[in-house]
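Q: Sequence:
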Amino acid sequence: MALRVSEQELRDLLVTRLEVIDAAEFEKARTMAARLRLPLERALVERGRVPFNFLLEHLAQTWGVGFIDLKVGDVHPDALRAIPEDYARANTLIPFDRHDDRLQVAMWDPRDRNAIDEIQRMTKLQVAACLAPAQAIRRAQLLYKGDLREMLERSAENALTGQRAPRPGEDRTSAELVDRMLEYAAVSRASDIHIEPFELEALVRCRIDGVLQEVLSLPPAALAPVVSRIKILAGMRIDERRIAQDGRFEADLAGLKLDIRASSVPTLWGEKVVLRVLARETAAVDLEDLGLIPPDFEIALRNILRPFGMILLTGPTGSGKSTTLYAMLMRLGIERQNLVNISTIEDPIEYTIPRVNQIPVNPSAGVDFSTGLRALLRQDPDVIMVGEIRDRDTAEIAVRAALVGRLLLSTLHTNDATGAVPRLLDMGIEPFLLASTLALVVGQRLVRRICVGCRESVVADAALLKLIRSRSDFEDTVRVLRAQGALGSGADPFAGIRWFRGKGCRQCGGRGFRGRLGVFELFELDDQIRGQIMERRDAGTIRATAIAKGMKTMFQDGLGKVFLGETTIEEVFRVAL
Numbered sequence: 163m164a165l166r167v168s169e170q171e172l173r174d175l176l177v178t179r180l181e182v183i184d185a186a187e188f189e190k191a192r193t194m195a196a197r198l199r200l201p202l203e204r205a206l207v208e209r210g211r212v213p214f215n216f217l218l219e220h221l222a223q224t225w226g227v228g229f230i231d232l233k234v235g236d237v238h239p240d241a242l243r244a245i246p247e248d249y250a251r252a253n254t255l256i257p258f259d260r261h262d263d264r265l266q267v268a269m270w271d272p273r274d275r276n277a278i279d280e281i282q283r284m285t286k287l288q289v290a291a292c293l294a295p296a297q298a299i300r301r302a303q304l305l306y307k308g309d310l311r312e313m314l315e316r317s318a319e320n321a322l323t324g325q326r327a328p329r330p331g332e333d334r335t336s337a338e339l340v341d342r343m344l345e346y347a348a349v350s351r352a353s354d355i356h357i358e359p360f361e362l363e364a365l366v367r368c369r370i371d372g373v374l375q376e377v378l379s380l381p382p383a384a385l386a387p388v389v390s391r392i393k394i395l396a397g398m399r400i401d402e403r404r405i406a407q408d409g410r411f412e413a414d415l416a417g418l419k420l421d422i423r424a425s426s427v428p429t430l431w432g433e434k435v436v437l438r439v440l441a442r443e444t445a446a447v448d449l450e451d452l453g454l455i456p457p458d459f460e461i462a463l464r465n466i467l468r469p470f471g472m473i474l475l476t477g478p479t480g481s482g483k484s485t486t487l488y489a490m491l492m493r494l495g496i497e498r499q500n501l502v503n504i505s506t507i508e509d510p511i512e513y514t515i516p517r518v519n520q521i522p523v524n525p526s527a528g529v530d531f532s533t534g535l536r537a538l539l540r541q542d543p544d545v546i547m548v549g550e551i552r553d554r555d556t557a558e559i560a561v562r563a564a565l566v567g568r569l570l571l572s573t574l575h576t577n578d579a580t581g582a583v584p585r586l587l588d589m590g591i592e593p594f595l596l597a598s599t600l601a602l603v604v605g606q607r608l609v610r611r612i613c614v615g616c617r618e619s620v621v622a623d624a625a626l627l628k629l630i631r632s633r634s635d636f637e638d639t640v641r642v643l644r645a646q647g648a649l650g651s652g653a654d655p656f657a658g659i660r661w662f663r664g665k666g667c668r669q670c671g672g673r674g675f676r677g678r679l680g681v682f683e684l685f686e687l688d689d690q691i692r693g694q695i696m697e698r699r700d701a702g703t704i705r706a707t708a709i710a711k712g713m714k715t716m717f718q719d720g721l722g723k724v725f726l727g728e729t730t731i732e733e734v735f736r737v738a739l
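Take the sequence shown: its letter number 323 is residue 485 in our numbering, and every next letter is one higher.
Hints are computed from structural coordinates only; laboratory data are not their basis.
Take every hint as true, because none was put in to throw you off.
Straight-line C-alpha distance at most 30 Å; calculated DSS-like pairs for lysine-lysine:
no.: 1; residue 1: Lys-307; residue 2: Lys-233
no.: 2; residue 1: Lys-628; residue 2: Lys-711
no.: 3; residue 1: Lys-434; residue 2: Lys-419
no.: 4; residue 1: Lys-665; residue 2: Lys-307
no.: 5; residue 1: Lys-419; residue 2: Lys-307
no.: 6; residue 1: Lys-628; residue 2: Lys-665
no.: 7; residue 1: Lys-307; residue 2: Lys-434
no.: 8; residue 1: Lys-233; residue 2: Lys-665
no.: 9; residue 1: Lys-286; residue 2: Lys-233
no.: 10; residue 1: Lys-233; residue 2: Lys-419
no.: 11; residue 1: Lys-307; residue 2: Lys-286
Distance windows between CB atoms, simulated:
no.: 12; residue 1: Glu-181; residue 2: Pro-456; range: 18 to 28 Å
no.: 13; residue 1: Leu-629; residue 2: Ser-168; range: 54 to 64 Å
no.: 14; residue 1: Arg-498; residue 2: Leu-200; range: 21 to 31 Å
no.: 15; residue 1: Ile-511; residue 2: Arg-251; range: 27 to 37 Å
no.: 16; residue 1: His-575; residue 2: Ile-511; range: 17 to 27 Å
no.: 17; residue 1: Phe-470; residue 2: Arg-316; range: 55 to 65 Å
no.: 18; residue 1: Leu-200; residue 2: Arg-631; range: 56 to 66 Å
Heads up, the beta-carbon is just placed ideally off N, CA and C, and yes, glycines get one too.
Produce the entire structure from the sequences given, and follow the hints as far as they go.
A: Now the structure itself:
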């Protein structure tokens, strides 16, 4: 859906006032828009020079209206009732807040005076229009259906009492239940839905902000039709229950499009299904938005602008490695646009990136990470991103690619950043090759961010303080955080430090958290560490050397963010040693 904005407005904003692109680049975007019949603002975003929300925010300032990156938690129920659903959908808008005689409305076109005047006539309220992304508005419009948690529970009851159709998975009640699950996941911004069979119940849980939360408990008899329905949607075999299967499908929830990756495995009590939920409008975040403190940001930027070498992201599944990789590729596209050929091999492709050649893994067609990487090396790449190094073959090709003048980015499953070295050596990579190519390893985890709507200062828990003081790296942690400015210089480093928590509110669903941020450790190799790799020194020695040379651990980075009021100490202990 195109914005109602003129070419001259965009030129004045981006070229003249903000100077984020030059006139020649703007002309290239204009030519691309005409050739592909795209809106000009989309062509500017597709070329990778202007982040979409950045563009919207500054357009809103130019138009004299507010901008809101609308979240479902921003929508107040009493405001929602002010405008009928049909009118809101037809005009891509939604009311989200009401105070006295003033109604705040998120609109894709906040300069539509006809719509604003009509709303004022309907509601007898003064309208304050805000620009918001169209897909964010569509997501919030799902709230018109009512309390989705109640609807989900009602659909579950219907699934137990309804009549089943002859073919498994095609009865309306199970289809309705699956739809309600997807709607609930979309509104709560869940990344995964887990449908788990047990002896006495079938449990439905959603991963929200990285933590699994129970949503629904079903009798075991309700599981089979739901699983069959998902299998039909995902193109999986409904008559095969003895082996693991994978599939995918697209869900269209009243204009909000979701890509769903489905996976099933047989368990003792039936098939367990996990759905990975990816919103179509989700965009890769900018490198500056990941939560890197300035010194770490400089290290990351310096290394991704290298002409060759290997950069690895480490951590378990769900720790945000792919998001960081995409952010690095986005920044590469901005900094070295039109100068490099960037190609990826991924499983699956979670975000689309402007001007990056992205290849999906397809095992049935013989395309895995190693074969895809071999093919990419014949495509004259400057930068290669491999979704994951899983085996020796992929590792060897990746190392040799980095050795002959390519910048290679990938992920690896290790507990910390320095653990990448013994992991690759264990895969069979020769020490001299690893020492010659490995440039930077970023270890990371995700912690829940305290909700800003209900954040409050609290007294530090004595037991937690004692736990921090008892750590073997306590002195190093104090030194690092004092250098960062997060701790004072007094005898008691915690004197005067404020601790925070979220007490729970409507915006965060009573959880006290809203969103996530990363905690990082950046392991940048130097000559001494390269020498230790050549000597096959143990992981502990390499880690001790890196810390002595200034590497900040994930725990130290997380503790600094606790003192900034961004997360809680419990969250840091949950994810970092």
